[in-house]
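Student: Make a model of the complete structure from these sequences and hints.
Be aware that the sequence shown starts at 199, since it is given in my numbering, and climbs by one per residue.
Some clues are possibly wrong.
To be verified - Below, in silico cross-link-like pairs of lysine-lysine (DSS-like), each with a Cα-Cα straight-line distance of 25 Å or less: (1) K282 to K672; (2) K503 to K516; (3) K672 to K503; (4) K277 to K227; (5) K672 to K257; (6) K257 to K245; (7) K508 to K245; (8) K278 to K701; (9) K513 to K310; (10) K257 to K717; (11) K245 to K227.
Stated by the list, open to error - Distance windows between CB atoms, simulated: (12) G342 to S433: 45 to 53 Å; (13) Q341 to S433: 46 to 54 Å; (14) Q341 to A448: 50 to 58 Å; (15) A283 to K516: 36 to 44 Å; (16) T711 to E213: 47 to 55 Å; (17) A283 to E213: 34 to 42 Å; (18) G435 to A703: 14 to 22 Å; (19) R512 to K714: 46 to 54 Å; (20) Q721 to D471: 51 to 59 Å; (21) Q515 to N706: 33 to 41 Å; (22) R512 to N333: 39 to 47 Å; (23) S299 to Q341: 13 to 21 Å; (24) I252 to V224: 36 to 44 Å; (25) R509 to Q341: 54 to 62 Å.
Keep in mind that the hints were calculated from the coordinates and are not lab data.
Note that beta-carbon positions come from the ideal geometry of N, C-alpha and C, so glycine has one too.
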Amino acid sequence: MESPMVVPVIDVQNETFKELWPAMVVAIKTSSFVALDTELSGLGNRKSLLAESIEDRYKAICHAARSRSILSLGIACYKKLDLKAADTYLVQVYNLTLLCSEEYIIEPQSVKFLVQHGFDFNKQYAHGIPYCKGNNKGASDHQGVHIRALFTELLRARKPLVFHNGLIDMAFLYQSFYAHLPERLTTFTADLSEMFPAGLYDTKYITEFELRFSASYLEYAYKKCKLDNSRSLTSGGSGNHVHVEFCHYAGQMSSYVDYRVCPVVESHEGQTDICQRFSAFGWCPNGTQCPLSHDTDLIILQDEKHVDNKRKKRKRQKKRDGGDAAEGSSIFDGAPKNKKTHMEVDQEETDDQQKATPDMCPENVPPVDSNGNTQQSEGERMNTESKGNGVCEDNTDSRNSVKIAPTDETKMKTNTDDSVERTAADRGQEKFSDHSTGTDAQKKKADSGTHRAGFDAFMTGYIFAYSHTFVKNKEAAAVKEDCKEDEQSWLPSCVNKVYLSGKAAPLNVVKSTFSKSSKAHMQKMGVVWGGTK
Numbered sequence: 199m200e201s202p203m204v205v206p207v208i209d210v211q212n213e214t215f216k217e218l219w220p221a222m223v224v225a226i227k228t229s230s231f232v233a234l235d236t237e238l239s240g241l242g243n244r245k246s247l248l249a250e251s252i253e254d255r256y257k258a259i260c261h262a263a264r265s266r267s268i269l270s271l272g273i274a275c276y277k278k279l280d281l282k283a284a285d286t287y288l289v290q291v292y293n294l295t296l297l298c299s300e301e302y303i304i305e306p307q308s309v310k311f312l313v314q315h316g317f318d319f320n321k322q323y324a325h326g327i328p329y330c331k332g333n334n335k336g337a338s339d340h341q342g343v344h345i346r347a348l349f350t351e352l353l354r355a356r357k358p359l360v361f362h363n364g365l366i367d368m369a370f371l372y373q374s375f376y377a378h379l380p381e382r383l384t385t386f387t388a389d390l391s392e393m394f395p396a397g398l399y400d401t402k403y404i405t406e407f408e409l410r411f412s413a414s415y416l417e418y419a420y421k422k423c424k425l426d427n428s429r430s431l432t433s434g435g436s437g438n439h440v441h442v443e444f445c446h447y448a449g450q451m452s453s454y455v456d457y458r459v460c461p462v463v464e465s466h467e468g469q470t471d472i473c474q475r476f477s478a479f480g481w482c483p484n485g486t487q488c489p490l491s492h493d494t495d496l497i498i499l500q501d502e503k504h505v506d507n508k509r510k511k512r513k514r515q516k517k518r519d520g521g522d523a524a525e526g527s528s529i530f531d532g533a534p535k536n537k538k539t540h541m542e543v544d545q546e547e548t549d550d551q552q553k554a555t556p557d558m559c560p561e562n563v564p565p566v567d568s569n570g571n572t573q574q575s576e577g578e579r580m581n582t583e584s585k586g587n588g589v590c591e592d593n594t595d596s597r598n599s600v601k602i603a604p605t606d607e608t609k610m611k612t613n614t615d616d617s618v619e620r621t622a623a624d625r626g627q628e629k630f631s632d633h634s635t636g637t638d639a640q641k642k643k644a645d646s647g648t649h650r651a652g653f654d655a656f657m658t659g660y661i662f663a664y665s666h667t668f669v670k671n672k673e674a675a676a677v678k679e680d681c682k683e684d685e686q687s688w689l690p691s692c693v694n695k696v697y698l699s700g701k702a703a704p705l706n707v708v709k710s711t712f713s714k715s716s717k718a719h720m721q722k723m724g725v726v727w728g729g730t731k
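Tutor: Structure follows, in structure tokens:
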């Protein structure tokens with residue numbers, strides 16, 4: 199029987215940054231690919247982030263990236279081990295606590311969300327790694343030991359970069375550690391294509407369009423991949439399987455490590471009434487007050503049952519129709535009734551559905567304000583959505599936010615309520631190890647703490663590794679022989695395709711003949727590559 203996975207996450211603060219710098223740089227340079235995740239101080243106006251025009255969305259993202267900040271950065275380095283079983287990776291995970299040295303907006307709703315999930319703002323202000331946004335200010339980006347120099351090392355490594363629902367992540371990283379964001383989206387994508395020549399991969403896009411799962415928020419996708427991989431391994435299935443190994447940390451290093459337990463997906467007796475909203479989006483406005491189950495294990499197993507029943511029904515129909523019946527026209531036909539994918543959901547429809555279907559999430563909970571600040575579908579979540587950005591996406595703008603300068607002697611209470619479980623979508627998934635209910639669940643504190651970005655980066659990387667193995671096995675089976683692995687492109691059909699909420703097509707990260715790279719980018723690349731590419 200499979201045993202739970204224990205993931206070590208190294209906590210990096212200002213006092214330990216210099217000490218851990220060599221290990222982080224080596225991990226990045228020797229990796230096969232790198233997965234990233236961020237925690238943000240806010241995103242601004244939700245509706246603007248979901249504008250019909252992608253160019254308008256980009257403008258809203260730029261405004262958020264320039265006025266908000268990255269609170270923590272998760273880095274997961276996956277190194278393929280050639281001398282081990284095929285598709286075995288050595289994984290090193292880091293969680294960096296950051297502190298922007300300039301004034302920035304932090305949204306009350308984001309503070310509440312993060313504190314509920316164990317984020318320690320006192321720790322951030324006391325021990326966060328300082329950084330300045332935009333173009334260079336003083337210290338050179340390619341010299342010294344600071345966060346912008348670490349980002350430069352990431353660029354120089356030329357490794358595939360993996361996100362989950364990563365458009366906002368990339369914009370914040372660009373603005374925070376690279377240069378001022380360009381005004382046009384085409385310029386931004388042109389810059390990105392040159393910054394990361396090994397390719398960008400979005401596991402949100404991969405999950406929906408390659409793996410075609412019934413849901414694609416981060417915890418669901420990770421647990422589903424891990425479950426499928428385990429089943430194939432224990433059943434002796436043909437093809438390769440994903441194996442992960444971790445470093446053994448001793449001495450002083452062991453004091454920097456936080457261990458995260460990932461229980462095995464298993465069936466649970468008892469409550470079977472699942473919250474359909476959480477099942478579809480990984481988030482429910484009623485949170486812990488919802489009387490229906492938010493158990494991701496149960497959701498996955500129920501989805502699989504629906505898929506199996508749907509498949510059997512199609513076979514019976516095909517027999518009755520003499521084999522002429524068409525297969526389900528939707529790639530999501532296996533999803534349970536009332537369950538929609540992120541791609542199919544728009545903001546107004548989900549708000550209307552919430553009001554019209556009280557049986558899904560009964561109304562005996564704290565009310566939702568008129569601005570919809572606590573209402574959020576997966577389609578509304580763009581960044582916090584499983585990407586792990588850890589902010590509660592709301593409808594706030596600067597009028598409902600507070601500007602915080604790190605020099606202010608502001609102390610925030612961050613005592614996590616023992617009864618609070620993780621409830622926000624995708625990135626703010628429910629507490630991973632908590633399948634208990636009632637009093638037992640209330641006794642457990644949010645144990646992810648400031649390591650949530652790091653662990654979310656690990657999950658993102660695992661999804662990518664599994665997807666690569668899955669596609670490779672499928673291709674090998676199709677030609678009845680082992681496919682030669684193309685190390686230059688891990689998933690050719692998904693490279694440089696970034697998921698767009700509510701859109702059926704991704705954003706292609708390419709430099710077109712009609713777009714030019716930004717001046718700031720050209721100057722930076724000259725420094726990064728020493729005048730060469």
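Student: Between the beta carbons of A283 and K516, is the distance compatible with 36 to 44 Å?
Tutor: Taking Cβ atoms as reference, A283 and K516 lie about 39 Å apart, which means the hint holds.
Student: So does R512 sit 39 to 47 Å from N333, Cβ to Cβ?
Tutor: The hint (39 to 47 Å, Cβ to Cβ) is violated, given that R512 and N333 are roughly 57 Å apart.
Student: Is the hinted range of 36 to 44 Å satisfied by the C-beta distance from I252 to V224?
Tutor: For V224 against I252, whose Cβ atoms are near 38 Å apart, the range 36 to 44 Å holds.
Student: Is the hinted pair K513 and K310 satisfied, with a Cα-Cα distance of at most 25 Å?
Tutor: 49 Å, violated
Student: Does the alpha-carbon distance linking K257 and K717 stay inside the 25 Å limit?
Tutor: Holds, at roughly 19 Å.
Student: Would you check the hint for K672 and K257, treating anything up to 25 Å between C-alpha atoms as holding?
Tutor: Answer violated: K672 to K257 is near 40 Å, above 25 Å.
Student: Decide if the proposed pair is consistent with the structure: K503 and K516, CA atoms, cutoff 25 Å inclusive.
Tutor: 20 Å, holds
Student: For the pair supplied as a hint, K257 and K245, confirm whether the alpha-carbon distance does not exceed 25 Å.
Tutor: The hint holds at about 12 Å.
Student: Given the hint that K508 pairs with K245, does the C-alpha gap stay at or below 25 Å?
Tutor: Given pair K508, K245 is violated - Cα atoms ~36 Å apart, limit 25 Å.
Student: If you check the beta carbons of Q341 and S433, does the distance land in 46 to 54 Å?
Tutor: 53 Å, holds
Student: Are the Cα positions of K282 and K672 separated by 25 Å at most?
Tutor: 22 Å, holds
Student: May I ask you to test the hint 46 to 54 Å on the CB atoms belonging to R512 and K714?
Tutor: 50 Å, holds
When the structure is compared with the earlier hints, violations turn up for hints 5, 7, 8, 9, 11, 14, 18, 22 and for no others.
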